[in-house]
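There are 2 protein chains.
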Amino acid sequence: MFRNLQNELALVSNSITNLISTDTFPETVRPSCLASAVRSYPVRGGKRLRPALLLWANGVLGGEPEQALYAGCAVELFHTWTLVHDDIIDEDDFRRGKPTTHIEVASYAENAYEKSKSLHDKFGRDMAILCGDIQQAWAMYMLLKSREKGVKDSLITDLMVRFQEVNRILISGEALDVEFPMRELSSITKEEVKEMILGKTSCLLKFAVQCGGAIALEKADFEDGYLATLGNFAEDLGIAFQLRDDYLGIFGSVEKFGKPIGSDFQEGKPTFLYLDAMELLQESGRNRLKALTGLPEYTDENINELRTLLQESGAEAKCLQEIAHLTEKAHCSLMLLPKNKYRKLLEELLSYLLERTV
Amino acid sequence: MFRNLQNELALVSNSITNLISTDTFPETVRPSCLASAVRSYPVRGGKRLRPALLLWANGVLGGEPEQALYAGCAVELFHTWTLVHDDIIDEDDFRRGKPTTHIEVASYAENAYEKSKSLHDKFGRDMAILCGDIQQAWAMYMLLKSREKGVKDSLITDLMVRFQEVNRILISGEALDVEFPMRELSSITKEEVKEMILGKTSCLLKFAVQCGGAIALEKADFEDGYLATLGNFAEDLGIAFQLRDDYLGIFGSVEKFGKPIGSDFQEGKPTFLYLDAMELLQESGRNRLKALTGLPEYTDENINELRTLLQESGAEAKCLQEIAHLTEKAHCSLMLLPKNKYRKLLEELLSYLLERTV
Numbered sequence: 000m001f002r003n004l005q006n007e008l009a010l011v012s013n014s015i016t017n018l019i020s021t022d023t024f025p026e027t028v029r030p031s032c033l034a035s036a037v038r039s040y041p042v043r044g045g046k047r048l049r050p051a052l053l054l055w056a057n058g059v060l061g062g063e064p065e066q067a068l069y070a071g072c073a074v075e076l077f078h079t080w081t082l083v084h085d086d087i088i089d090e091d092d093f094r095r096g097k098p099t100t101h102i103e104v105a106s107y108a109e110n111a112y113e114k115s116k117s118l119h120d121k122f123g124r125d126m127a128i129l130c131g132d133i134q135q136a137w138a139m140y141m142l143l144k145s146r147e148k149g150v151k152d153s154l155i156t157d158l159m160v161r162f163q164e165v166n167r168i169l170i171s172g173e174a175l176d177v178e179f180p181m182r183e184l185s186s187i188t189k190e191e192v193k194e195m196i197l198g199k200t201s202c203l204l205k206f207a208v209q210c211g212g213a214i215a216l217e218k219a220d221f222e223d224g225y226l227a228t229l230g231n232f233a234e235d236l237g238i239a240f241q242l243r244d245d246y247l248g249i250f251g252s253v254e255k256f257g258k259p260i261g262s263d264f265q266e267g268k269p270t271f272l273y274l275d276a277m278e279l280l281q282e283s284g285r286n287r288l289k290a291l292t293g294l295p296e297y298t299d300e301n302i303n304e305l306r307t308l309l310q311e312s313g314a315e316a317k318c319l320q321e322i323a324h325l326t327e328k329a330h331c332s333l334m335l336l337p338k339n340k341y342r343k344l345l346e347e348l349l350s351y352l353l354e355r356t357v
Numbered sequence: 000m001f002r003n004l005q006n007e008l009a010l011v012s013n014s015i016t017n018l019i020s021t022d023t024f025p026e027t028v029r030p031s032c033l034a035s036a037v038r039s040y041p042v043r044g045g046k047r048l049r050p051a052l053l054l055w056a057n058g059v060l061g062g063e064p065e066q067a068l069y070a071g072c073a074v075e076l077f078h079t080w081t082l083v084h085d086d087i088i089d090e091d092d093f094r095r096g097k098p099t100t101h102i103e104v105a106s107y108a109e110n111a112y113e114k115s116k117s118l119h120d121k122f123g124r125d126m127a128i129l130c131g132d133i134q135q136a137w138a139m140y141m142l143l144k145s146r147e148k149g150v151k152d153s154l155i156t157d158l159m160v161r162f163q164e165v166n167r168i169l170i171s172g173e174a175l176d177v178e179f180p181m182r183e184l185s186s187i188t189k190e191e192v193k194e195m196i197l198g199k200t201s202c203l204l205k206f207a208v209q210c211g212g213a214i215a216l217e218k219a220d221f222e223d224g225y226l227a228t229l230g231n232f233a234e235d236l237g238i239a240f241q242l243r244d245d246y247l248g249i250f251g252s253v254e255k256f257g258k259p260i261g262s263d264f265q266e267g268k269p270t271f272l273y274l275d276a277m278e279l280l281q282e283s284g285r286n287r288l289k290a291l292t293g294l295p296e297y298t299d300e301n302i303n304e305l306r307t308l309l310q311e312s313g314a315e316a317k318c319l320q321e322i323a324h325l326t327e328k329a330h331c332s333l334m335l336l337p338k339n340k341y342r343k344l345l346e347e348l349l350s351y352l353l354e355r356t357v
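Protein sequence lines correspond, in order, to chains A and B.
Note that the first sequence covers residues 0 to 357 in numbering that gives the first Met the number 0.
Note that the second sequence covers residues 0 to 357 in numbering that gives the first Met the number 0.
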C-alpha cells in the first residue's frame with residue numbers, strides 16, 4: 000500500500016535534503032554553535048510534506064518540478080524555523096527523536112562553558128531564538144534563489160509578498176494556541192479554534208501548493224482558476240488532518256498518536272471534539288466532561304468515560320463526518336486539476352494522510 | 000548647532016511614523032494583544048537614524064527620496080524586531096522610556112488572565128518572540144511594497160537577497176555578544192569583537208545607505224563605485240559610534256551615556272578599550288584591571304582607578320585616535336559623493352553622532 004507514493008516522497012526528501020545540506024547560506028553564521036543549530040532541524044529529514052506538495056502542485060499544472068526545487072526548500076525551512084520557536088515556547092525536549100534546538104545548544108554549553116546549569120539553559124533558549132530568526136531569512140533566501148532556475152523576478156516578488164502574509168497568518172495561529180490556555184476554556188469559540196487551525200496548519204500547506212502552481216503557470220493569481228483550486232485542496236487537507244489528529248488523540252492508540260491518549264484533555268485544549276460535545280451534551284454530561292478535563296493523570300477508566308461521553312453526545316460522529324466531508328471536498332478539488340501522474344500522487348498523499356480507516 | 004539637521008531628522012521621522020502607523024499589515028494579527036505588540040516599538044519614534052541614512056543616501060545620488068520611503072520603513076522595522084528579541088535575551092525592562100515588549104505583554108496578561116505571575120511572564124516572553132517574528136515579515140513586506148513607488152522587481156529581488164544576508168550577519172553579531180559572557184574574557188580576541196560590532200551595529204547602517212543608493216541608481220552593484228563608497232562610510236560610522244559608546248561608558252557622564260558609568264566593566268564586556276589596555280599594560284596593571292572587572296558595584300574611587308589605568312596604558316588615547324581616524328575616513332568617503340544638500344545632511348549627521356568633543 001502506498002509504495003509508489005513512499006518512493007516518490009523519498010525522492011523529494013533526498014533532493015530537498017541534498018540542496019539544504021549543501022547550501023552555503025549558514026556557513027558564515029557565528030559563533031559555530033549557532034551555525035550548527037541553524038542546520039540542525041533542516042537536515043534531520045522528516046516527511047518533507049510541504050516540499051512534496053509544492054513540487055507536485057507544480058507538476059500537476061505542467062511545470063518542471065526541477066524549477067521549483069528552491070521554493071520547495073524555502074517552505075521546508077520556513078516550517079523549520081516555526082518549529083524551533085514553537086519548541087522554546089512549548090518547552091519541548093524532543094523533536095523527531097532528537098533534542099530540540101534549545102536543548103541541543105544548552106547541552107553544548109554544558110560542555111563548552113563553565114557556568115551554572117541555569118545559564119547554560121538560558122544560553123540554549125537565547126541561541127534558539129536567534130537560530131529561528133536566521134532560518135526565517137534562509138527560507139526567504141531560498142525562495143529568492145528560484146531566480147537561478149529561471150523563475151521571473153516579478154513572480155518571485157509576488158510570491159515573496161504572499162510569503163510574508165503567510166508568516167503573519169501562521170504566527171497568529173500559533174499565538175492563538177499560546178493564548179487559549181490562559182483563558183477560560185468556556186470562553187473559546189469554534190470560530191477561534193478554526194482560525195488557529197487555518198493559521199497553524201493549513202496556511203503553509205496552502206502556500207506550498209499555490210507557490211508550486213504559480214511557478215508552473217508563471218503567474219500568481221491566487222484567487223483564480225487552478226491556483227484557487229489548489230488552495231482549497233490544501234486548506235481542506237490541513238483542517239481534516241488536524242481533526243484526525245484530535246480524533247486519534249482520544250480514540251487512537253499511543254503508537255499511532257505519538258503522545259499519551261487523552262493528553263489534549265489533560266492540557267485542556269479546545270478541540271472541535273471537546274467544543275462539540277459541550278454543545279451537544281445535557282448539563283450532567285457537560286459537568287462530567289468538565290470534571291474529566293485537566294486531571295493530573297488519566298486512568299483507562301477515565302479514557303473510557305471520555306470516549307463514551309464523546310460517542311453518546313454525537314461529537315465523535317460529527318468529527319468523523321467532518322473529516323470525511325473535508326477529505327471528499329479535497330478529493331473533488333483534485334478532480335478539477337489536469338489528470339496526470341502528479342495528480343495521482345496528490346490523490347495518494349491525501350488518502351495516505353487521512354486514511355479512511357481512522 | 001545642528002538645527003537644520005534636527006529639522007530634517009524630524010521630517011524623516013514624521014513620514015516614517017506616519018507610513019508605519021497607517022500600514023495595514025499588522026491589522027489582522029491575532030490575538031489582539033499580539034497585534035498591539037507588533038505596532039508598539041515601531042510607533043514609539045526614536046531617532047529614525049536608519050531611515051534617514053537610507054533616504055539621504057538616495058537623495059545624494061540623485062534619487063527621489065519619496066520613492067525610497069517604504070524601504071526606509073523596512074530598515075526601521077528590521078531594527079525594531081531585532082530589538083524586541085534582544086530585549087528578551089538581555090532581560091531588559093525598558094526601551095525608550097517605556098516597558099519592553101515582553102514586559103508590556105506580561106502586564107497585559109496580569110490584567111487579562113487569572114494565572115500565576117510566572118505564567119504571565121512566560122506569556123509575555125512567548126508573545127514577544129512571536130512579535131519579533133511577525134515584525135521581521137513586516138519589514139520584508141515593506142521593502143517589497145517599494146514596487147508601488149516604481150522600484151523595479153529585479154532591483155527589489157536584489158535588495159531582498161542582500162537583506163537576508165544582513166539578517167545573517169546582524170544576528171551572528173548579536174549571537175557573539177550573547178556568547179562572550181559565557182567565555183573566559185581572556186580568550187576573546189579583538190577580531191571577534193570587531194566582527195560583533197560589524198554585525199550588531201555597522202551591518203544594518205551599511206544596508207540602509209546602500210539600499211537607498213541602489214534605488215537612486217536603479218542597480219545594486221554593492222561592491223562598485225558610489226554604493227561601495229556609501230558602504231564604507233556607514234561601516235566606519237558604525238564602528239566609530241560603537242567605540243565612542245565604549246569610551247563614554249567609562250569617561251563620560253551618566254547623562255550622556257544613559258547607563259551607570261563603568262557598567263561595561265561590571266558586565267565584563269570585551270570592549271576595545273579593555274582589550275587594548277590588557278595588551279599594553281605590564282603585569283601588575285593587568286592584574287589591577289582584572290581585579291576591577293565584574294565588581295558588584297563601582298565606587299568613584301574604582302572608576303577613577305579604571306580611568307587612570309586606561310589613560311596610563313595608552314588605551315584611552317588609542318581609542319580616541321581610532322574614533323578620529325574612522326570619523327575622518329567616513330568624512331572622506333562622503334567627499335567622494337556628489338556635492339548637494341543630502342551630502343551636507345550626511346556630513347552633519349556624521350558630526351552629530353560622533354561630535355569631535357567626545
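Hints in this document: simulated from the structure, not taken from any laboratory.
It is possible that part of the hints are untrue.
No distinction is drawn between identical chains; accordingly, a pair holds when it is met within one copy or between any pair of copies.
What the hints assert, rightly or not - No farther apart than 20 Å at their CA atoms in a straight line, the calculated lysine to any residue pairs in the SDA-like style are these:
hint	residue 1	residue 2
1	255	306
2	97	27
3	338	228
4	114	185
5	268	113
6	121	89
7	255	291
8	193	296
9	340	275
10	189	29
11	121	267
12	343	85
Bear in mind the structure is a predicted one, so any value in this text is a computation, not a measurement.
Here is how each hint holds up against the structure:
no., hint, verdict
1, 255 / 306, "within (17 Å within a copy, 67 Å between copies)"
2, 97 / 27, "neither (25 Å within a copy, 35 Å between copies)"
3, 338 / 228, "within (14 Å within a copy, 56 Å between copies)"
4, 114 / 185, "between (45 Å within a copy, 16 Å between copies)"
5, 268 / 113, "between (40 Å within a copy, 17 Å between copies)"
6, 121 / 89, "both (15 Å within a copy, 11 Å between copies)"
7, 255 / 291, "neither (23 Å within a copy, 60 Å between copies)"
8, 193 / 296, "neither (28 Å within a copy, 54 Å between copies)"
9, 340 / 275, "neither (39 Å within a copy, 67 Å between copies)"
10, 189 / 29, "between (45 Å within a copy, 15 Å between copies)"
11, 121 / 267, "between (28 Å within a copy, 18 Å between copies)"
12, 343 / 85, "neither (33 Å within a copy, 48 Å between copies)"
Violated hints, listed in ascending order, are 2, 7, 8, 9 and 12; each of the other numbered hints is respected by the structure.
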